[in-house]
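Based on the sequences and whatever the hints tell you, model everything.
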Amino acid sequence: MIKRLVTGLAVLWAAATASYVALLLAPGDTVDILVGDGPDTPEIRARIVAEWGLDRPEIVQYLSYLWRLLHGDLGRSYQLQRGVGEILAGQVGPTAQLTLAAAGTGVTLAAVIALVTAGRGRWARGAASAAELVSVSVPPFLIGIVLLSVFSFTLGWFPVSGAQGPRALVLPALALGLPVAGVLGQVLRGGLERALEQPFAVTARARGLTERALVGRHALRHALIPAVTLAGWFTGTLLGGAVITEVLFGRPGLGQVAMQAVTGRDMPVVMAVVLLAAVVYVTLSTLLDLAYRVIDPRIRG
Amino acid sequence: MRRLIPMLLLALAACGAPPAPSAQGTALTWAIETQPITLNPQQWSQNKARLLVFNQFDALLSKTEDGSFRPWLAKAWTVSDDGLTYTLDLRDDVTFHDGEKFDAAAVKANLDQFRVPGYNPAVAAIQLRAFDEAEVVSPYRVRITLKEPDALFLDFLASPYAGQVSPKSFKSAEDLKFGGPDLVGTGPFILDRYVQGQEIHYRRNPAYAWPPAGAEHQGPAHLAEITYRFLPEAAVRVGALTSGQVQVIEGVPATEAALIESDPELRLRTALNSGTAYAYYFNTSHPPFDDRRVREAFREAVDVEAVLRSVYRGTATRAWSIVGEASPFYDTTLKNAYGGDVAKANALLDAAGWKERDAEGFRVKDGRRLTVREVASAPFVRDRRDVLAQAIQAQVKQNAGIDLQVRILDQGSAQKAWDDGAYELFGNSRGDSDAGAALNLILPEQGAINRTHFADPQVDEWLAAASAASDPAEREELYAKVQRAAVLEHAIVFPIYVPADQIAAHKSVRGLRFDPASGTPASAYDVRIDT
Numbered sequence: 001m002i003k004r005l006v007t008g009l010a011v012l013w014a015a016a017t018a019s020y021v022a023l024l025l026a027p028g029d030t031v032d033i034l035v036g037d038g039p040d041t042p043e044i045r046a047r048i049v050a051e052w053g054l055d056r057p058e059i060v061q062y063l064s065y066l067w068r069l070l071h072g073d074l075g076r077s078y079q080l081q082r083g084v085g086e087i088l089a090g091q092v093g094p095t096a097q098l099t100l101a102a103a104g105t106g107v108t109l110a111a112v113i114a115l116v117t118a119g120r121g122r123w124a125r126g127a128a129s130a131a132e133l134v135s136v137s138v139p140p141f142l143i144g145i146v147l148l149s150v151f152s153f154t155l156g157w158f159p160v161s162g163a164q165g166p167r168a169l170v171l172p173a174l175a176l177g178l179p180v181a182g183v184l185g186q187v188l189r190g191g192l193e194r195a196l197e198q199p200f201a202v203t204a205r206a207r208g209l210t211e212r213a214l215v216g217r218h219a220l221r222h223a224l225i226p227a228v229t230l231a232g233w234f235t236g237t238l239l240g241g242a243v244i245t246e247v248l249f250g251r252p253g254l255g256q257v258a259m260q261a262v263t264g265r266d267m268p269v270v271m272a273v274v275l276l277a278a279v280v281y282v283t284l285s286t287l288l289d290l291a292y293r294v295i296d297p298r299i300r301g
Numbered sequence: 001m002r003r004l005i006p007m008l009l010l011a012l013a014a015c016g017a018p019p020a021p022s023a024q025g026t027a028l029t030w031a032i033e034t035q036p037i038t039l040n041p042q043q044w045s046q047n048k049a050r051l052l053v054f055n056q057f058d059a060l061l062s063k064t065e066d067g068s069f070r071p072w073l074a075k076a077w078t079v080s081d082d083g084l085t086y087t088l089d090l091r092d093d094v095t096f097h098d099g100e101k102f103d104a105a106a107v108k109a110n111l112d113q114f115r116v117p118g119y120n121p122a123v124a125a126i127q128l129r130a131f132d133e134a135e136v137v138s139p140y141r142v143r144i145t146l147k148e149p150d151a152l153f154l155d156f157l158a159s160p161y162a163g164q165v166s167p168k169s170f171k172s173a174e175d176l177k178f179g180g181p182d183l184v185g186t187g188p189f190i191l192d193r194y195v196q197g198q199e200i201h202y203r204r205n206p207a208y209a210w211p212p213a214g215a216e217h218q219g220p221a222h223l224a225e226i227t228y229r230f231l232p233e234a235a236v237r238v239g240a241l242t243s244g245q246v247q248v249i250e251g252v253p254a255t256e257a258a259l260i261e262s263d264p265e266l267r268l269r270t271a272l273n274s275g276t277a278y279a280y281y282f283n284t285s286h287p288p289f290d291d292r293r294v295r296e297a298f299r300e301a302v303d304v305e306a307v308l309r310s311v312y313r314g315t316a317t318r319a320w321s322i323v324g325e326a327s328p329f330y331d332t333t334l335k336n337a338y339g340g341d342v343a344k345a346n347a348l349l350d351a352a353g354w355k356e357r358d359a360e361g362f363r364v365k366d367g368r369r370l371t372v373r374e375v376a377s378a379p380f381v382r383d384r385r386d387v388l389a390q391a392i393q394a395q396v397k398q399n400a401g402i403d404l405q406v407r408i409l410d411q412g413s414a415q416k417a418w419d420d421g422a423y424e425l426f427g428n429s430r431g432d433s434d435a436g437a438a439l440n441l442i443l444p445e446q447g448a449i450n451r452t453h454f455a456d457p458q459v460d461e462w463l464a465a466a467s468a469a470s471d472p473a474e475r476e477e478l479y480a481k482v483q484r485a486a487v488l489e490h491a492i493v494f495p496i497y498v499p500a501d502q503i504a505a506h507k508s509v510r511g512l513r514f515d516p517a518s519g520t521p522a523s524a525y526d527v528r529i530d531t
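Chains A and B are the protein sequences, given in the same order. Reading the first sequence from the start, the letters are residues 1 to 301 in the working numbering. Reading the second sequence from the start, the letters are residues 1 to 531 in the working numbering.
Simulated from the structure, these hints should not be mistaken for laboratory data. Since we're looking at a predicted model, the values are computed, not measured. Glycine included, every Cβ here is placed at the ideal spot set by N, Cα and C. Nothing false has been slipped in among the hints.
A few chain B residues that face chain A, going by a derived Cβ cut-off under 8 Å, partial list only: (1) Phe178; (2) Arg229; (3) Leu231; (4) Pro232; (5) Ala235.
Dropping the structure here:
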């Protein structure tokens, strides 16, 4: 457990350092960003450099950055002129809500479709497979626009934007969850079908187990292993997709903050978002390691 | 399947008629494109967020269409003959939202706030560079002294920067630079909720009785509540409007204008922005644009009307000068004075030595192709300026054999290209309410965004004289000379179109106007819903 904790911290440090170095190497100068589109005189530049401590050597700036991080101080946004912690604090909730809802939608859809179609006739499998392929290959932006046009603009079932209760969450969660359902559904069905050909399935059938019980109780466990392995990819897709989904639906959240920060080269915000993603990733992969043991008793040994 | 989706959409769109807006009469939702990066009027920097400022705050003066000024929180003002002393007589019936009295001491506190280091260094160095001191003469009279005459000082007093903040809240605001509900103004609406990435909500100020002179009505605002929702995607804004989920939107792209105009329930309004036109500026510091003939040839090679028609479907207004048509300083004599003469373009290029052509049809001189680079920063590319650049690229290639390369980069890379001089063209428009302020940044040899490297002592002299002159007619004459020098004599600029703002609304919404100072949507003070 201690080993895992150390690895986790090392990953976080690496993420902090890598994002720092990447932004340092990116073209353009921090002072330019702070000056922005506004008036630009040597006097203004000098004031900005002094105010933000940009005249110190890079290594000093880096160390003071790490030191502040250790104290939970994420710094101040260049663009928004506010504390980064304060900016992100209000955005974590809506993004967590959206990604969890999308994950739930994706997993449920995938499981239902896989369980219903695994081992069935060519038609059912073909139709499910085609739907999955479409949901994976169509860009999330287009899925979102189509969902909005149909269910919000035309039918008026759901509001277009905002975190206005559960109804406003339905369309963004679908837009974000469909690609996940597509990939997961294929993997799950593949796993189920392979499991159903295993000798244990024959034995179970011989014991008189119904097909439904066999699929639901035994085969699903086997199929879950490859699906759970995809969870890393899954997190990335959800966080990345959140950027597009949040902007499109006018939802608050980390995605739209991250997008604004990247185009405006707002270093402190970008780095904080990268760190946050790393924290989520490390936590999740630790939890998954534990989940493997529950799903597959063979790993426990 | 991909072809099926649009068909499905069309079929569905055909069977659903847009519902009418919720007819409460006193609450309105307005979808806007751009989120404010600050709610403090004195930190304001985005023209697209200007429509929010004067809901919560009032300025000392207001600016009219012809460039003159009207009373607002200052009911009268005088300027001394030497242009150094401004005396303002203030209204005595104004209170801030926190119950504090608005008076001469408040005006002084607001001006002095800009002296706080780091508060807003840009305004301190530009708009307030001549500011010396503010004195409280009597409770409702304040005297402002300048170090040197500044014709733009009244413009400052009518700008968002002169939005009056309760001095008490300068100290109590949790985040002064960002503002928010705890940074208090005197405006017709009180900010009570801001959700980043989602919306901003105001409720009516029931005590309001001090609109600027010339407002459509007196007393409190018509609307009890107004919500501005942030919807950055144009198609989503239009969909929200046509489905009645919002009653007003701003930022209607040319591609959606026809859809709105064909809907009998909706109305579309457009206004030209003040400030400068969108123009390509030539980098005169190195070849090929160090040669005036090549600059002129580039301009002559483009059929601007045709380009605008194809890119903006007839909704864009052609520009003829650096200064936009909506500004009182626009020099009308420049109209049709140049441009669109392809034969002339080719003759000029021949004369400048670009005679040969390579295999692809581009002109060549001394073995080098006539290549020019336009560098733009992605966050500032709007109004389909990327498509516009492609249309111009096609024209200069076909008509004159010029190889225009369009580079849209992130802000950092674009800044580096500009610093390194690695560009021959750069596109720019500015939304300053006084076009003179923009000219002062672009044209003088030491101008902050003089990326043309143009240097003409005569032009610098005219600009300085115009900044010091208080007579609008005198300024107009000087700026006309400046425009003719830059556009005709030196040909350092290729004006393309005058940026505009659009508002689309349900037909029951009345009182939507544009702010004459900026050409952007005005505050919601006069807005009402007819039921």
